[in-house]
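Fit chain B to the given chain A structure using the hints.
The listed protein sequences derive, respectively, from chains A and B. Here this note's numbering is used: the first residue of the first sequence is 32, the next is one more, and so on. Here this note's numbering is used: the first residue of the second sequence is 1183, the next is one more, and so on.
Don't read these hints as lab results, they were simulated from the structure. Quantities reported herein were computed from a predicted structural model and do not represent experimental measurements. It cannot be assumed that every hint is accurate.
[Stated by the list, open to error] BS3-like, lysine-lysine: derived pairs with alpha carbons at most 25 Å apart:
# : chain 1 : residue 1 : chain 2 : residue 2
1 : B       : K1246     : A       : K116
2 : A       : K120      : B       : K1230
3 : B       : K1264     : B       : K1244
4 : A       : K133      : B       : K1244
5 : A       : K133      : B       : K1245
6 : B       : K1246     : A       : K37
7 : A       : K120      : B       : K1244
[To be verified] The following residues of chain B were derived to be distant from chain A, with all beta-carbon distances above 12 Å:
#  : residue
8  : V1188
9  : F1240
10 : S1256
11 : V1260
12 : E1268
13 : A1269
The C-beta atom is built at its ideal place from N, Cα and C for all residues, glycine as well.
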Amino acid sequence: MRFFKKIRRYIRVSGIAPISRRYFIMNAFDGATTILGIVIGAYVVEITSEFWIVWPGLGATFAMSLSGFVGAYMTEEAERANEMKTLEKSMLTDLGESVVGKASRFASLWASMIDGLSPALAGLSCLMPFFLSSIGLFSTSLASQLSIAICLAIMFLLGVLLGRISKRNMVLHGTKMLLVGLVITLVFLMLKVTR
Amino acid sequence: MIRRLVLDVLKPHRPSVVDLSLALSNLEGVDGVNIMIYEIDQHVENAKITIVGTKVDFEVVKKKLEEMGATIHSVDEVASGKKLVEAVKTPQDVSARI
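Here chain B stands alone, though its shape is the one from the complex:
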C-alpha cells in the first residue's frame, strides 16, 4: 500500500489547482494532498503533486488526474509499506552536488 506519492503533472489552467486538489483529496485512502505549481505556460501549467494517505491507489489517482484533464509526466517519489520512510541522504548525494 502506497503512503506517499509525488508526481510531476502537466495540467490545463482549468480546472484550477483548488478543484484538482479537492478532487484528489476526496479519493479513498487519501488523507492529504499538496499541489505546487512550478511553471506556467500560455495554455498549461506544471505541478508537483504530493499525495499522502494510508492506502493510496496509484491507478485511481491516475484515472482521476486524466478525468481532470491532467497527465502524469513522471512519478518522482513513492513511499509504501506499513511505515512512511523518508529518503536517506548518503555521502554520494553530497559528492554528486559538489
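If we strip away everything but chain A, and leave its shape as in the complex, we get:
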C-alpha cells in the first residue's frame, strides 16, 4: 500500500501521467499495426503454418518493446536531467535525494516501461489466435481472420481512448484510428485478389 502511495506521488510530482499516456497509445498502435502487417502479408501469400507468423510476430514485438524501452529511457532521462539541472540552479541546492529528484528518476523508468510494454501487450494480443491455433484449437486461416479482427479492435479502442482523453467524440476517434488498419487490410486484400 505504501509502495503504491509512493508511486502515485512520484507520478504526480514528475507529471509523467500525460506523457506515459501518449507513449502507451502511440506504441500500442505501432504494435497492433506491425502485427496486422505481418498477419495480412502472410494471409496474402497463404501461409499454412502459424509458426511463419508467430515467430516473425514475436521477433517484431520483442524488437519494438526493446527499442521502446531503451529509446524512451534514454530520451526521458536526458530531458529530465536537463530539467533537474535548471531547477537546481534556481533552487541553489542539490535535489537528488528529494522527492523531486526521486520522482524524476522514477519518471524515466516509468515512461520506458510503458513504452516497452505497450507494443508487447498489443502485439501479443494480436498474435493470441495463432498461439491457440498452434495447440489445435482452430485453423490457421481462422486464426488469421481473428488476429486481423483483434488488431482492428485494438486500433479502434485506442482511438476511443484518445476521444476520452480529449473529451471529444469517442466513436469518431475510434473510427479514425480504425481507418488506418482498414487501409492496410484493404490494400493487401486487393493484392491477394490480383495475385
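Below, chain B without anything else, positioned relative to chain A:
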C-alpha cells in the same frame, strides 16, 4: 516545545502546495499548516508556511521540507512554551512605520 513556526520557503512548483501541506500536517506534534504562495517564478515559488502544533520539531520540519525539495530561506517567527504568545505591538513599531 515549539507551538508556532513561521517559515519563508523556496520550493519547486511540484510537489504542489497541497502535497506539501499534507506532508507537513502529517508530522508528529503538528496540528495545522497554512501555506501561502506570495511569489511565483518560472521554475520556483516562494511560500510563507505557518505550522501550529503542541510540539513542533524544527529539525523534523526542516528534514521534511528538504525531502519535498524545498529550502528554508528564513525563520520568520517562532512561538514556544506552554502558552502561545502573540507578538506585542510597541510604540517603536508604530514610529518605525512613520
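25 Å limit on alpha-carbon distance, applied to hinted pair B:K1246 and A:K116: holds (22 Å)
Does the claim that B:E1268 lies outside the interface with chain A hold up, using a Cβ gap greater than 12 Å? holds (33 Å)
Compute the least Cβ-Cβ separation between B:V1260 and chain A, then decide whether it is above 12 Å. holds (23 Å)
Report holds if the minimum CB distance from B:V1188 to chain A is greater than 12 Å, and violated otherwise. B:V1188 clear of chain A: closest Cβ-Cβ about 21 Å, beyond 12 Å.
Mind checking the alpha carbons of A:K133 and B:K1244 for me, to see if they're no more than 25 Å apart? Roughly 18 Å separates the two Cα atoms, so the pair holds.
Need the status of pair B:K1264, B:K1244: alpha-carbon distance at most 25 Å? At roughly 22 Å apart (the allowed maximum being 25 Å), B:K1244 and B:K1264 satisfy the hint.
Take the C-alpha atoms of A:K120 and B:K1244, compute the straight-line distance between them, and say whether it is at most 25 Å. holds (20 Å)
Just double-check B:S1256 for me: nearest Cβ-Cβ distance to chain A has to come out over 12 Å. holds (14 Å)
For B:A1269, is the shortest CB-to-CB distance to chain A above 12 Å, so the non-interface label stands? Correct as stated: the minimum Cβ-Cβ distance to chain A is 30 Å, above 12 Å.
Verify the proposed pairing of A:K133 with B:K1245, using a straight-line Cα cut of 25 Å. Answer holds: A:K133 to B:K1245 is near 16 Å, not above 25 Å.
According to the definition I'm using, a residue is off the interface if its beta carbon is farther than 12 Å from all beta carbons of the partner; does B:F1240 meet that for chain A? holds (18 Å)
Given the proposed pairing of A:K120 with B:K1230, does the C-alpha separation stay at or below 25 Å? Roughly 21 Å between the alpha carbons, so the hint for A:K120 and B:K1230 holds.
Checked against the numbered hints given earlier, this structure breaks none of them.
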